[in-house]
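Participant: Respectively, the protein sequence lines represent chains A and B.
Numbering that gives the first Met the number 0 applies: residue 0 is where the first sequence begins, and numbers increase by one.
Numbering that gives the first Met the number 0 applies: residue 0 is where the second sequence begins, and numbers increase by one.
Just to be clear, a hint being listed does not mean it is correct.
What the hints assert, rightly or not - Now the in silico label distances, taken between C-beta atoms and shown as ranges: (1) B:R17 <-> A:Q250: 45 to 53 Å; (2) B:R183 <-> A:S306: 43 to 51 Å; (3) A:A231 <-> B:S66: 56 to 64 Å; (4) B:G52 <-> A:Q250: 50 to 58 Å; (5) A:G219 <-> B:T30: 42 to 50 Å; (6) B:Y184 <-> A:L181: 31 to 39 Å; (7) B:Y184 <-> A:Q250: 39 to 47 Å; (8) B:S186 <-> A:K217: 26 to 34 Å; (9) B:G135 <-> A:V177: 16 to 24 Å; (10) B:S66 <-> A:Q179: 39 to 47 Å; (11) B:G52 <-> A:K278: 53 to 61 Å; (12) A:D30 <-> B:D233: 39 to 47 Å; (13) B:V89 <-> A:L181: 41 to 49 Å; (14) A:N39 <-> B:D233: 50 to 58 Å.
Honestly, the hints are just simulated from the structure, not real lab data.
Note that CB positions come from ideal geometry on N, CA and C, so glycine has one too.
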Amino acid sequence: MAILVYAEHDNAHLKSETSKMINAAGQMGGDIHVLVAGENCQAIAEDAAKIAGVQKVIVADAAAYKDQLAENIADLVLEVGEGYSHILAAATTTGKNFMPRVAALLDVAQISDIIAVESGDTFVRPIYAGNAIATVQSEDNVKVITVRASAFDASAEQDAAPVEASGSVIESAKSEFVSQELTESERPELTAADVIISGGRGMQNGDNFALLNGIADKLGAAIGASRAAVDAGFVPNDMQVGQTGKIVAPQLYIAVGISGAIQHLAGMKDSKVIVAINKDEEAPIFQVADYGLVGDLFEVLPELESSL
Amino acid sequence: MKVLVPVKRVIDYNVKVRVNAENTAVDLTNTKMSINPFCEIAVEEAVRLKEKGTATEVVVVSIGDKSCQEQIRTALALGADRGIQIDTDVNLDSLQVAKLLAKVVEEEEPGLVILGKQSIDSDNNQTGQMLAALCGLPQGTFASEVAIEGDAVSVTREVDGGLQTVKLALPAIVTTDLRLNEPRYASLPNIMKAKRKPLAVKSAADFGVALESKVKVLKVTPPAERQGGIKVADVAELVDKLKTEAKVI
Ligand SMILES: Cc1cc2nc3c(=O)[nH]c(=O)nc-3n(C[C@H](O)[C@H](O)[C@H](O)COP(=O)(O)OP(=O)(O)OC[C@H]3O[C@@H](n4cnc5c(N)ncnc54)[C@H](O)[C@@H]3O)c2cc1C
Chain A
0 MAILVYAEHD
10 NAHLKSETSK
20 MINAAGQMGG
30 DIHVLVAGEN
40 CQAIAEDAAK
50 IAGVQKVIVA
60 DAAAYKDQLA
70 ENIADLVLEV
80 GEGYSHILAA
90 ATTTGKNFMP
100 RVAALLDVAQ
110 ISDIIAVESG
120 DTFVRPIYAG
130 NAIATVQSED
140 NVKVITVRAS
150 AFDASAEQDA
160 APVEASGSVI
170 ESAKSEFVSQ
180 ELTESERPEL
190 TAADVIISGG
200 RGMQNGDNFA
210 LLNGIADKLG
220 AAIGASRAAV
230 DAGFVPNDMQ
240 VGQTGKIVAP
250 QLYIAVGISG
260 AIQHLAGMKD
270 SKVIVAINKD
280 EEAPIFQVAD
290 YGLVGDLFEV
300 LPELESSL
Chain B
0 MKVLVPVKRV
10 IDYNVKVRVN
20 AENTAVDLTN
30 TKMSINPFCE
40 IAVEEAVRLK
50 EKGTATEVVV
60 VSIGDKSCQE
70 QIRTALALGA
80 DRGIQIDTDV
90 NLDSLQVAKL
100 LAKVVEEEEP
110 GLVILGKQSI
120 DSDNNQTGQM
130 LAALCGLPQG
140 TFASEVAIEG
150 DAVSVTREVD
160 GGLQTVKLAL
170 PAIVTTDLRL
180 NEPRYASLPN
190 IMKAKRKPLA
200 VKSAADFGVA
210 LESKVKVLKV
220 TPPAERQGGI
230 KVADVAELVD
240 KLKTEAKVI
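So that you can see chain B by itself, here it is in the shape it has in the complex (with noise of 0.2 Å):
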């Protein structure tokens, strides 16, 4: 069974995130970018397949200008088998992904594909399961635990009350939420081997999507400042504070 995972190319979680003075975007100049993290639990679990034998290929798709294929390089150095860069320099929206991922796999025809379920950027949660109905096929979304059994996979999903179990027919789609796995760290070697893995670069213009959105940005602004608080002194001042200053309780 092939494995095909989307990777998207976000900024590191860890950067603190800076409006540009236009107040049209998110100032990403200069700023260290990373694989989306939820995409390398996908990655992690793609490879954890193949070690199992339940796959035999990874192939590892990201969308994007030239820079994506840093991200790319990344799930090859996790021990995928070989990448696709589709490129462009328009912003996509998840719906212009999905078309263009659900065209990769009718050419790929994989049995299973895992994304993460949301970027860390734009906080949409909608690839997935948009690939999944535009591909026709059944989706289990926010997973916390992937077993394969025969032409099925079992998939247990995070949900607001707790844990749903569902089994969904083969080929189908996964989204990883963060308890599925936890990512290994690519070693030295498997980085240097990464850098000699295939690397297939299309156009998105030869896939006849089109890929403008109907959604316009109109403004990005920075969120509203929270007033800095005081610090209390014991237990005492804040059963205080909270009874007769902010009469909360």
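Bound-form chain A, shown alone (with noise of 0.2 Å):
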């Protein structure tokens, strides 16, 4: 029995779901092998090799790669997966596009969005907005499975485990990356930061975000939103937090102006310690809240900011 684990990184570098995933894997017992496929992403497999609990790195390193097609992607890790037990990857954008591609072409169901492993072949994960927890038992003989890594803590460090180059280059003519925007941001990314601050509709605009700022800038935190703020163009989607957002456990969470709708819960109930602040009293976001603050987030916000 082998694992093998697709890392996540987006080429400059090793991104910590790799490191939470091979925790995740070390508790289902077999090698675990990390396949690194990106463009120029040498030193990233070198930063997974030191992972505690990985055997071999393997390292596809060609322009095809670089944007994790899916096309691409899906085709390689069949290639290098063959023989393996469990094929793993994060339930990030990335891990969610490529991956039931894999599972579909070796016959098998996929098992998304793991938040706790019973054994090799059991797997406990959020149904319904995490309104439900399913246990699942898979009795197919590969495993594909994609992990939610804010729910695993990230493996320890050892001495670098050896890293080999695989030389395949998979290029499908059907698909073709044309350009990206990648919001650029000095913070943390929301899925990695140990203190998040969200607005929501109530932010009223865009420009009010800024109010976030200082306080972000404070706390070390990275800075979110609820659907609602994302819809109405005060923010980029890449801040929405939720069931069809980003997933997010920190220390941490402050929620602004956004009232708990279970789509957003489903994505943030999970956060150690959870602060709202709302004008709403009745807002269901105060029923997860540790510490609810009743009151305008126009005078409350300047004044967090200037007591911290």
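Put the two chains together into one complex; each comes in its own frame, and the hints tell you how they fit.
Facilitator: Written out as structure tokens, the structure is:
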């Protein structure tokens, strides 16, 4: 039995999801190998080799893998993944994109978004926006799994395991990268941040999100948003927290002007401490908040910034 | 160009979910059911392509027992031309659904298939990608913009870091994200008209696809409840609690 973990990275840095997936893989039992696919990603492979539990890193370095196109990556994973009992990827937009292709081509089910490992074939995953938790057992000969990284701790470090190259280059003629618009930010990423402050429709417009900046600076926080704030064009889509956005579990989550719809709660209710700031004392967000402050955010935010 | 839109009947997104007493499933007795919101966005997109003259026909397909005809009619009322119900009372996994849909793709030969990125019940986010793989087609998932350009489609995708645009040779598979469009409301005349649109019923058993899943659900439980917290009087108390009680700042 051996487990292949598909490394999450952005061609510059290995992402924390990788180390957390390796922790999950360790609970399934078996040797753990990591596949790093990208362009100029040798340094990333060397970082992956230092995650405790990793026996080997395979690196597929080619222009065809730079943009993580599902058609190319799925075929690469099928080729490299032959003979493995488990194939894991993070439940990010990269993993969610290519992994079901891998599962379908192997003629097996995919177990999406696992939050706990009971054994090598039994896993726990949320359904219905986290309003129910299913324990499922797979009898497939290969388990294809995406992992909700926020549910697992990072692994420790080790002396580097060997890194070997895969010469394989797979390039589909049917799909082509055109462009990307990535949000540049000095702040920590939502899925890696210890503190998150999120704004909702109550922020009223995009400019008012600046009220969160000073607080985020002082707390080293990432800034998130509800769907309503994204739909209204206040902030970009990559800031959406929720059932169908990013799932986060920071030490501290501060929800500002967010009502607390189940779809939003699904993305943040596993945070250690939740603070809600809302002028409506009946807002459902208060039912999950450890500390609720009823008040007008336009008064509360400046005061909060100056008292930190 | 023909556009195929698979749609799923799911619990309405406003309904509070309850796990049944046996801890085997979510209790769906007497709950309001609706078309999955992402599927509705898919229907809307297809109908807009038809209104622009890019698509010639919009075909919706749903897999399930007779009750899913209600969601097919909803899609027809939004402007789809005809429906197909693949009848089964087996609770299928995404892989089996994708295999059945692959047969429909083979039969119908659509130029584009638009699906929701995930259904809000099982939250799997798999079917579109699986269908693409089984048909050997390219995919543009989590789409916030779709533009047909000759024999290709340009798809802007919502990804974790922002937006990515890919160009796919047609035929292709697209899955929708929330911001692709805002679905219209069906007008009463269109709801009436939808009742007369063709709806073919086929038996899942006739497709020659093995429907049993290798994944067993051992149990379904409610999530751990969060302990209710307290209300603080002002910012000073909040900061103090975060520092001395919760110790998170
Ligand atoms: C298929 C589907 C998927 C979805 N996925 C997601 C998702 O991933 N993430 C997500 O967030 N939502 C999601 N939603 C949407 C969700 O149902 C809610 O509509 C959304 O979360 C509401 O956002 P909000 O709380 O910002 O807005 P509202 O519900 O409008 O709440 C605004 C809040 O701001 C408060 N407020 C207003 N002014 C002030 C002020 N001056 N001071 C203090 N408080 C103020 C109000 O009291 C109110 O509670 C999804 C919905 C569907 C159907």
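Participant: A separate judgement is required for each hint: does it hold in the structure or not?
Facilitator: Quick rundown of the hints versus the structure:
The hinted range of 45 to 53 Å is not satisfied by R17 (chain B) and Q250 (chain A), whose Cβ atoms lie roughly 31 Å apart. The given range of 43 to 51 Å is respected by R183 (chain B) and S306 (chain A), whose C-beta atoms sit roughly 48 Å from each other. Restraint check, A231 (chain A) to S66 (chain B): a C-beta distance of roughly 35 Å breaks the suggested window 56 to 64 Å. Restraint check, G52 (chain B) to Q250 (chain A): a C-beta distance of roughly 54 Å satisfies the suggested window 50 to 58 Å.
For the pair G219 (chain A) and T30 (chain B), the supplied restraint of 42 to 50 Å holds, since their beta-carbon distance comes to about 43 Å. The hinted window of 31 to 39 Å between Y184 (chain B) and L181 (chain A) holds, with their beta carbons roughly 36 Å apart. At about 43 Å, the CB distance of Y184 (chain B) to Q250 (chain A) agrees with the hint of 39 to 47 Å. Range check, S186 (chain B) to K217 (chain A): about 52 Å between beta-carbon atoms, so the 26 to 34 Å window is missed.
At about 22 Å, the beta-carbon gap between G135 (chain B) and V177 (chain A) stays in the expected band of 16 to 24 Å. The beta-carbon spacing between S66 (chain B) and Q179 (chain A), approximately 42 Å, falls within the hinted interval of 39 to 47 Å. A hinted range of 53 to 61 Å for the beta carbons of G52 (chain B) and K278 (chain A) is inconsistent with their spacing of about 48 Å. Between D30 (chain A) and D233 (chain B) the C-beta distance comes to about 56 Å, which lies outside the given range of 39 to 47 Å.
Checked against the hint of 41 to 49 Å, the pair V89 (chain B) and L181 (chain A) passes, with Cβ atoms roughly 43 Å apart. Judged by the Cβ atoms, the range 50 to 58 Å given for N39 (chain A) and D233 (chain B) holds: they are separated by roughly 52 Å.
Of the numbered hints stated above, those contradicted by the structure are hints 1, 3, 8, 11 and 12, listed in ascending order.
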